[in-house]
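Asks: Here is how the chains run, residue by residue.
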Amino acid sequence: MRKVKIAGVGLIRVSEYWDKPIQSLFAEASMKSMKDAGIDAVDKVYVSNMGGSLMQDQLNLAAVMADSLGTPGLPATRIEAGSASGGVAFHEAVQAVASGYSDAVMVTGVEKLSDILPEVVTTGLAMAEEQEYTAYTGVTKAGIAAMIHRLYMDLYATPEEVCMMAVKSHEHAVGCKHAQYPFKMSLQRAMSSPMEADPIHMMECSGIGDGAASLILVPADDEGVEVAGTAVSTDYTSIAARQDPLEMKAIKTAADRAYKMAKIKATDIDLAEVQDDFSINGVLGIEGLGLAKPGKGAKLVNSDDVDKEGKIPVNTFGGLKARGNPLGATGIYQLAEIAWQLQGKAGDHQIPDAKIGVAENMGGMASICAVNVLRRADK
Amino acid sequence: MSVPRYWRNEVPRYRLQGEECSQCGAKYFPTRPVCKCGSTDFKPYKLAERGEVVTWTTISSAPTGFEKYVPYVVALIELEDGCKVLSQVVDIAPDAVEAGLKVEAVFRKVKEDGKEGILQYGYKFRPVVE
Ligand SMILES: [Zn+2]
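Which chain is which? The protein sequence lines are A and B, in order. Going by this note's numbering, 146 is the number at position 146 of the first sequence; the sequence numbering is gapless. Just remember that this note's numbering sits 379 ahead of the position in the second sequence, which is counted from 1.
None of these hints come from the bench; they were simulated from the model. Bear in mind that the values here come from a model prediction, so they are computed numbers and not experimental data. Hints may be right or wrong, so weigh each one.
[What the hints assert, rightly or not] Keeping only pairs whose Cα atoms sit at most 30 Å apart, straight-line, the calculated DSSO-like set for lysine-lysine is:
no.	chain 1	residue 1	chain 2	residue 2
1	B	K463	A	K296
2	A	K249	B	K488
3	A	K32	A	K20
4	A	K293	B	K415
5	B	K494	A	K249
6	A	K249	B	K422
7	A	K249	B	K406
8	A	K293	B	K463
9	B	K415	A	K249
10	A	K308	A	K177
11	A	K311	A	K265
12	A	K345	A	K35
13	A	K184	A	K20
14	B	K415	A	K260
15	B	K494	B	K406
Modelling step: build the complete structure from the supplied sequences, incorporating the hints.
Replies: So, in structure tokens, the structure goes:
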């Protein structure tokens, strides 16, 4: 198996692009990553996207996206794994290079949520849950997270302590050029926002945004940013089927596998990107990655350890909450941001001497989770 | 939802019926093709109809088809036989729901699939009145 590195990074600001079709977003990020890699062609493209079949009525998205690049003949595959589409697509793209089958692979995540009404987005998000017995109850994605949030608060933390996850992500987004919401949000403002699904407030949820982010993967050469570990895991999709609904086994299992492959422990990690589409999910991501013990994630978030100068900075460009959450593209944004940190190209967001970064990207309520570990190669 | 798909789910949804593995006794609702023990041999199992609320939320931004029910409560319920189900809890003000609330299964309309679609029925739970 060959080692794999990230040779190019490209992304656009998460925003609402009323004037552009999904093709334009895809092509813009893809051209940027190719330019960054100094290449003008790839031999395979992975498209990560969650909702194109609902939001753009578009099946066969891989062909439509490849078409947008103007180069007929390009092999293309679309990966859909709910909100984890990006992390899972990256996992597949790495294997294409590692196996020797492909030498230059592009993985571009794209999502366009502004083409439909917010209530259809709510329905689309619930489509990542099992339909006949989970979505059937009328529960939403926020609703499932809310039930877990309540269990967590009963045992481990106050509502404010969990909400701090969203506050911290916003703090980190200040000055971020590609963030949808690059401003601070006070704890008081978040806690006084209306309930989305109690006990989750509206300002504890990631918003609706369009985005595209792209990475170029090639065989490693002991320079730049290497893929040290990559893993995907799944779990019973319904929280009712799990022995302990608070235990996000897919996150833990994927992290264990990725760390084993990278030959690291959680304590070796310099920075992390976690799936804070709801504040509680960010907290559980931190715990699943082993950065805090079960039940201690909210406490960690309330310390300076997760800040830019802290021991383990989390969501250094604002996470899903503030950088934005264009679903199928989100996992690629996370990895692009970590790559910038390890390349020393993170500007005002730079973590000093970052060597190892990890991204946790889950779909459903951790019914699937991708954990990817990037490492700065030592010459 | 299509007619065959609805029809397949009638018995489990109307009767709160799952399956029990003939090998290891594990109980499943909804049913699944393969047990955690590897067995594919199941017999029907009728779930307990009473249980208590473990955790819950109130939905105010609903998916398509549920808009006119908002606000409504969805809960994770542990039944008296140890099985867990997700369900709406009805006939109670959202603010009055609490952990440990005793509830019982009830047959209700769940949603309408548009003007000409299927009227979907099934289980919801309501507070037990002693
Ligand atoms: Zn069994």
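Asks: Next, verify each hint and record whether it holds.
Replies: Going down the list of hints, with the structure as the test:
In summary, the hint linking K463 of chain B to K296 of chain A is supported, as the alpha carbons are separated by about 27 Å, within the 30 Å threshold. Among the hinted pairs, K249 of chain A with K488 of chain B is inconsistent with the structure: their alpha-carbon atoms are about 34 Å apart, more than 30 Å. Proposed proximity of K32 of chain A and K20 of chain A is supported: the alpha carbons are some 17 Å apart, at most 30 Å. Restraint check for K293 of chain A and K415 of chain B: satisfied, since their Cα atoms lie roughly 28 Å apart, inside the 30 Å limit.
Distance check on the hinted pair: K494 of chain B and K249 of chain A sit about 41 Å apart at the alpha-carbon level, beyond 30 Å; violated. Simply put, K249 of chain A and K422 of chain B have alpha-carbon atoms about 29 Å apart, close enough for the 30 Å limit, and the pair holds. For the hint linking K249 of chain A to K406 of chain B, the alpha-carbon distance of about 21 Å falls within 30 Å, and the restraint holds. Between the alpha carbons of K293 of chain A and K463 of chain B the distance comes to roughly 27 Å, so the proposed pair stays at or under 30 Å and holds.
Between K415 of chain B and K249 of chain A, the direct Cα distance comes to roughly 16 Å. Compliance with the 30 Å bound is thereby established for this hinted pair. With a C-alpha separation of about 17 Å, the suggested pairing of K308 of chain A with K177 of chain A holds against the 30 Å cut-off. Note on K311 of chain A and K265 of chain A: the hinted pairing holds, with a Cα-Cα distance of about 15 Å set against a maximum of 30 Å. Annotation: proposed proximity of K345 of chain A to K35 of chain A holds, straight-line Cα distance about 16 Å (limit 30 Å).
As the CA atoms of K184 of chain A and K20 of chain A are separated by approximately 29 Å, the hinted pair is consistent with the 30 Å bound. Taken as a hint, the K415 of chain B and K260 of chain A pair is honoured in the structure, with Cα atoms around 26 Å apart against an allowance of 30 Å. At most 30 Å may separate the alpha-carbon atoms for a hinted pair to count; K494 of chain B and K406 of chain B exceed this at roughly 37 Å.
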